[in-house]
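A.B. asks: So the protein sequences, as listed, match chains A and B. With the first sequence counted from 1, adding 64 to any position gets you this note's numbering. With the second sequence counted from 1, adding 122 to any position gets you this note's numbering.
Any given hint could be a false lead.
Unchecked claim - Just so you have them, the derived chain B footprint on chain A, three or more residues with Cβ under 8 Å:
1. 79-86
2. 135-141
3. 153-166
4. 184-197
5. 218-231
FYI, nobody ran anything at the bench for these hints, they're computed from the structure. No residue lacks a Cβ here, since even glycine has one placed at the ideal position from N, Cα and C.
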Amino acid sequence: MTYVRDIGVAEEVVQEAWLTCLRSLDRFEGRSSLKTWIFGITMNVARARRRKEARILPFASFWKRDDSDGKRPTVDPSRFGADGMWASGPDSWSSIPESRVLSSETLQRVKTAIEALPAKQRDVITLRDVAGLDAGEVCALLSITAENQRVRLHRARAAVRKALEEYLR
Amino acid sequence: MTCRQVVELMTEYLEDALSALDRARFEEHIAGCDGCRAYLAQLRTTKRVVGKLADEPIPEPLEAELVKAFRDWRSTSQG
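Isolated chain B, as found in the complex (with noise of 0.2 Å):
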């Protein structure tokens, strides 16, 4: 395998998709190839990074709306 065909198989790698003998022969790869272990740490670094969009806080106006939407849905649901 070429670092070239190793970059395109990462998501199938982390996503446990690959064949056995795929996955040996990347695995294989890896193991001596210092440019595409860097690669493979740089996409889970990536995947880590996107991860803490979630703790984004919801901007202001949004929560004061949404808060009153349920406000406004218990009291006409609850008569």
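Chain A with its partners taken away, still in its complex shape (with noise of 0.2 Å):
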């Protein structure tokens, strides 16, 4: 549950999505899969609820700043010689073992990662990577358009692969 940060608050929005399925359970339709149907209420209460966050916190939104649309490129411009091929190019994982890659300290590290992206990003790598939704599920469920649910895509897995590598070294 990474839609919202705190452990506590994500069992509540769990709970209160989980009660709102039952309930609503008559007017499942059949037009969607019943899983989209699940996340799209998830997604609508943990929204609610990060709205009303947001208002308590008024300065959360200004310090973190959301790039999540933007151009901006996800490598290290650092990383490139002035003809823009790789100065130093990343290493090969393929020698790490399975058992590093997957081990729960790994896992920890993703976890962590994924938390601090900006929430637009959270929520389409959660939904694409963890829960498995394809892309038109995705742009369906959060009202964008397919262009940027790959650019929110991207960004969040460069910022993943950055942790990784960072951990991985």
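Join the two chains, each given in its own frame, into one complex according to the hints.
C.D. replies: Have a look at this one:
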């Protein structure tokens, strides 16, 4: 649950979403998959909660820059030479044992990196790569264009990759 | 294409959203560039590791609450 930061809040959100799902089950008409429908409800509850918390903490949105839809480079420019080619290229991870790549410490790092993302990117990477929804489902759930979805996914994955690179080096 | 440009196209490549021309130029670059191939592999690994978070167990107190909520709902909805 990475739409909201605090585990206590997350539990309340899941519970409220769960109850909303149960209460409105008769209204589920099968136009979307049940999974998408449940996610939709959960997202709405989480968003309402986030708005409420943003009112309580008005500065939270100021100190955290959100460039989710921006065009700034996702890889530190100093890693490229003047010709735009790699100066310090990424290491191959193929020699790192699978047990390390998927260790609970690694997963914890990844979780922390996702939690630190701006909400727009966090939503997309969570729905796509954790929950396994496809691009069209995520666009519909979040009411965003295919391009916005891709840009947010790109920035989110790049940020998590960077965190992994720092950890796995 | 430079490496700096190629890394920013990687998600579009993985999502199959590049035009045929850009895709061909992308693949041509990747074929000759160890750094960009490694970066693409890292992004694929990142996606895989993120996917593992779905297997994380639900915290026990939360699971208990949810089961209770479901039981309460069933007993009220079935009268």
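A.B. asks: For every hint, state whether the structure bears it out.
C.D. replies: Evaluated hints:
1. As drawn, the region 79-86 of chain A meets chain B at 4 residues by the rule of a beta-carbon pair under 8 Å; at three or more, the given contact holds.
2. Counting residues of the region 135-141 of chain A whose C-beta sits closer than 8 Å to any C-beta of chain B gives 4, which meets the bar of three, so the coverage hint holds.
3. Only when three residues or more bring their CB closer than 8 Å to a CB of chain B does the claim for the region 153-166 of chain A stand; here the count is 8, and the claim holds.
4. As drawn, the region 184-197 of chain A meets chain B at 5 residues by the rule of a beta-carbon pair under 8 Å; at three or more, the given contact holds.
5. Under a criterion of three residues with beta carbons nearer than 8 Å to beta carbons of chain B, the stated coverage of the region 218-231 of chain A is upheld, 7 such residues being counted.
Consistency note: the structure conflicts with none of the earlier hints.
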